Amino acid sequence: MIGWIDTLLQGLLLGGLYALFAVGLSLMFGVMRLVNIAHGDFIVLAAFLAIGIALGVPAGPALLLAMVLPVMVVAGYGLQRGVLNRTLGKDILPPLLVTFGLSIIIQNVLLEVFSADSRGLSAGGLETQSLRIAGDLAIGWLPLITLLAALGLTFALEWLFGHTTLGRAFRATSDDPQAAELQGIDHRRVYALATAIAFAVVTVAGVFLALRTTVSPSDGPGYLLYAFEAVILGGLGSFWGTFAGALVLGVAQGIGFRLDPGWGILVGHLVFLAVLLVRPQGLFPRTRD
Amino acid sequence: MSALLATRGLTAFYGDFQALFGIDFEIHAGEAVAIIGANGAGKSTFLKTVTGLLAAPPDRIVFDGRAIGGMSAAAIVRQGIAMVPEGRRLFPSLSAEENLLIGGYTKRKGPWSLARVYELFPALKEVRALPGNALSGGQQQMVAIGRALLANPRLLICDEISLGLSPLVVTALYGTLPAMMREGLTVIVVEQDVGIAQRTTDRLYCFQEGRVSLQGRSSELARAAISAAYFGSGVAA
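Protein chains in written order, with the numbering used here: chain A, 5 to 293; chain B, 620 to 856.
These are computed hints drawn from the structure, not numbers from a lab. These figures come from a predicted structure and were not determined experimentally. All C-beta atoms in this analysis are idealised placements derived from N, C-alpha and C, irrespective of residue type, glycine included. You can trust all of the hints, since none of them are fake.
Going by beta-carbon spacing under 8 Å, a handful of chain A positions derived as facing chain B:
| no. | residue |
| --- | --- |
| 1 | Ser178 |
| 2 | Asp179 |
| 3 | Ile189 |
So these bits of chain A aren't anywhere near chain B, every CB distance computed over 12 Å:
| no. | residue |
| --- | --- |
| 4 | Leu13 |
| 5 | Gly93 |
| 6 | Leu100 |
| 7 | Trp145 |
| 8 | Ala278 |
Working from the sequences, and respecting the hints, build out all of it.
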């Protein structure tokens, strides 16, 4: 019994990391209906930016995050204003093609600069420390902090969207960009702000990823898949739904790993497919869409 | 006195299709002007060009002494033009109150506040927490008008606010026009109901096939002349 409780806990903690992967994707899709194929690669890019800085500057994770965050936020804003806004329209293909191209470019640039070697960040010993709950049951501090960071970011985004003028502008633009323009909202600027915020989340995800495991330049598409599955599992239109979807995915993988070490990822995909078949709108959709 | 809004020889196109053919239009501060015309006459196209939703030559539209042709719709709202669009176009993911508040996004200074809009439309206070698309047609139109007022515009443009509403509701909505104008608003209404247009406005333009077919003081235009201009046998007065 204790083994299954441990599996459940470890699955939830893994889901915390997946939630960090997914909420940025959920944000961009929610506001712009833009599926960013390069989302996972941007997570890896943020991780490698932190790793690159750590190679030259002796800095802890918090300082690394503080250094990478503004770079990624400005990059996100600029990318949306300069490139992605031009791809948005009635045809959904241009943004898919452009972000697919970006994915390939990012992977190859990272390969050139960092080689194909897997690399990670040091958490200063935190990665091996754990919190004992009862008996043999313990959870790692780093996964716990990751889950709490995901919880905090999800709460912050829900609050931003639900209680601020910018959040209202995000939702209005998502509903009807032309009617939003008639309220004085420059929808292209709003899109750029949404991507900037999504890239802030991506940065947090990238740094936590590099702290928890090693990353290599070609890992991005895999993380995109987890993020995509979490968003669809949770249901579109709600960050809490995405968060819940990520936890479901983490637990499903955890159970799979417990049944057989080779089945973890597969069971996650199977649960995703099962939910898609039985409840295509996701587990916790928001009715506004 | 110079016009608050003036268009000179305004043309508009949808691709290769020309929808407006040299529209000369003006409205002075404090006036209420109606634009009438049959479906396809060019009324909505005219509003789209004025509000920046459709491209216009830069110097053909002048608002408050400034050429606004070619500006984005968002920039034109900042200049002081707000529109109540045809079909209301409320945001379904926003509550009624949030729909109102989004109207004040530009933070233009003026007499209109949320409290002032609730004074004008007390019925909205009861339903403020409901999603925009859960309101009745009349309530939705009140929200659309209140949303435009919260932009604190100098010029309010209403596109077919009576569409799909009962006569009682339409009368109530038009009954709020004097209160709005007392706050210094200038108003353009596009209206299919000629009777309402004549009763509630100072001047009237009739559009026909992308041209002005008749214009004059609303109270002085004979119904026969309006009918002729509306249905196609009129000439610009």
